[in-house]
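Participant: Each chain is listed here by its residues.
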Amino acid sequence: MTVGELSPGARAHTRLGARRRRVGEDLVKVILGAAAFISVLTTVGIVVALLFPALEFFGEVSPMTFFSGTDWAPLFEPARFGVLPLLAGTLVVTAVATVVCVPFGLGAAIYLSEYARPRVRAVVKPLLEVLVGIPTVVFGYFALTFVTPLLKDLGFQVEVFNALSAGLVMGVMLIPIVASLSEDAMTAVPNDLRAGGYAVGANRFQVATRIVVPGAVSGIVASFVLAISRGIGETMIVLIAGGTQPNWTFDPRVSIETMTAFVGATANGDVPTGSIEYKTIFAVGLTLFVMTFVLNMVAIRMVRKYREVYE
Amino acid sequence: MRLRHSTRVALPLLLVALLAVAAGCGRDSSSSSSSGAAATGSNLSGTIQADGSSTVGPMTTYAAEQFQAANPNVNVTVGISGTGGGFERFCNGETDLSDASRPIKTDPADKEATVCKSKGIDYTEFLVANDGISLVVNKENDWAKCLTVDQLAKIWGPDSKISNWNQVDPSFPDEPLKLFGPGTDSGTFDFFTGVINGEEGASRSDYTASEDDNTTVAGVEGEKGGLGYFGYSYYEENKDKMNIVQVDSGSGCVTPSVQTVQDGTYTPLSRPLFIYVKNTSFKRPEVEAFMKYIIDNEEKVTGSTGLISLTAEQEAKAKQELTDAVTAAGG
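Note that the protein sequences, when read in sequence, are chains U and Y.
Take any residue in the first sequence, note its place counting from 1, add 180, and you have its number in this note's numbering.
Take any residue in the second sequence, note its place counting from 1, add 1, and you have its number in this note's numbering.
Treat the hints with caution; some may be incorrect.
[Unchecked claim] Okay, derived cross-link-like pairs now, PhoX-like style, lysine-lysine, Cα gap no bigger than 20 Å in a straight line:
1. K140(Y) x K240(Y)
2. K332(U) x K140(Y)
3. K284(Y) x K120(Y)
4. K293(Y) x K146(Y)
5. K293(Y) x K332(U)
6. K146(Y) x K112(Y)
7. K318(Y) x K332(U)
8. K140(Y) x K225(Y)
9. K284(Y) x K301(Y)
Rather than coming from a laboratory, the hints here were simulated on the basis of the structure.
In this text the structure is predicted, and so the values were computed from the model without any measurement.
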């Protein structure tokens, strides 16, 4: 390699593969590497921090009792440690949220990517994304003081704290996640494919649903899974609007307690460190972590399986 | 370049520091003019150890924060090991103050007062606040005006399966019963379960439990068949949103009020709260000043933590007892 291969202004000592190592470059590499490793280390740290108290917990309460019991009252006398009511609460709220965010999120994405004019899109997309910036505590009180009374007025027999209202509002909160990521995936589908569709006489809706959506399916599925994981982990909305009463039921109209709400409410009180009640928090936390982890693994596999590669 | 850079940083910092000092002065002068303890307290120093009841704890903590703001060299630590746990440490000589939601047990079998005696710990008991629990129902509830202690035990018992008002009393309407109450960390929970269900912590668990009383307010306000309980003063703040329930402990229905809680006629859900002080600790001026602060400001201190203040008579008695104890200690 010679100087002549570089731009005319370049000096000899800046040529690529220089013998002298450049300190600045190394420094940048270290800083960027540290940035990447911090998130990895944090994840490892979380797993370790969860694992040990959780293992101690399972030394005192058998996993069988924990995972098959339908009565959750770890802070009462006598204590009962069946996690299924919390699991049911989490699943019900997440299911309601999914029913809201998947169709509306996907619809918004198709509209933005296939129907909206560029000028409309430039306004609507940022507006939709504003929803992401609303603190979840605000969503929680919105659910409790607006949506729940509304549901009652509409004739639903809901309790003051209920899974339905929390799930609906959580679904709305998740719409932008689905919409934004799905829209990115759809926009990435090459225009040649759309043109091919129109050429054989397809209308806009047919192009959107039979060409663009299948073409972007891996990105769309990823957006669903990300939204659902986010929903499972959401704490504030369910704590405020969903209640703190563990309930072994799949009825969305009654008060429930999710795993996150239990952790949030219990960690907020003053359970003594090292007690069985304290370790319960970690056992529930670990269960939650495993759930979202498995979900993400499934998502990655699905994305790989259905990915359409262009060019 | 370097100089300019540092002045650029230093100037705002200096301003911030000046503001902080000014604000600090303002607070000091205002509090010293409003409370007697602060005026004499600026040269006090030392550490005061308190432990005990989780009901009295928040009140002691609040008083400690206010007291320390006026007396920055005094350090007050407040633990909440429960009344029994507090007495254990107190009689072992570890603490100066013991927060208690009941009088110390004098029966030798209970190992409280007798342990204190055997370790040579003499103490003075101060009545510092009154505590009452109010039961509340929805505004539209026109049937549950008065509940007996037996009915409450039937509703809240650990094995209770009652889910409708007509199971409580056949004359009550067919309305689903929705329960709200404090979480298990709360002193109110211990008090209620202790007197109603006969054992602290013994309660049904299928109710909406929250350490935040606002949750109970929201639940009872929004649920026609709702029933909840919390500290009496919290009802005072939310009077317009709910109805209060009278309690009958065998001698007729009693409406909870500041007066019936103070004079103890609202049984069994009212009780006096105490702070026990080790007599030798009164030799230290900071302990005397702290107790004086609590008693002189007891209306503010109790009010800020959901308790009920002392009557004028109770307050005068506490003041007299403090003077006597300090004189006896030669402080």
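Participant: For a C-alpha distance cap of 20 Å, please report whether K284(Y) and K120(Y) respect it.
Facilitator: OK: K284(Y) and K120(Y) at ~19 Å, within 20 Å.
Participant: Sort out whether K225(Y) lies within 20 Å of K140(Y), counting only the CA atoms.
Facilitator: 8 Å, holds
Participant: Sort out whether K301(Y) lies within 20 Å of K284(Y), counting only the CA atoms.
Facilitator: 27 Å, violated
Participant: K293(Y) and K146(Y): Cα distance at most 20 Å?
Facilitator: Answer violated: K293(Y) to K146(Y) is near 41 Å, above 20 Å.
Participant: Need the status of pair K332(U), K140(Y): alpha-carbon distance at most 20 Å?
Facilitator: 17 Å, holds
Participant: Are K318(Y) and K332(U) close enough, with their CA atoms no more than 20 Å apart?
Facilitator: Given that 20 Å is the threshold and the Cα spacing comes to 54 Å, the pair is violated.
Participant: Mind checking the alpha carbons of K146(Y) and K112(Y) for me, to see if they're no more than 20 Å apart?
Facilitator: Distance ~42 Å between K146(Y) and K112(Y) Cα, so the pair is violated.
Participant: Checking one constraint from the list: CA of K293(Y) to CA of K332(U), max 20 Å. Satisfied?
Facilitator: 53 Å, violated
Participant: For the pair we were handed, K140(Y) and K240(Y), check the Cα-Cα distance against 20 Å.
Facilitator: 10 Å, holds
The structure does not agree with the numbered hints 4, 5, 6, 7, 9 stated previously, though it agrees with the rest.
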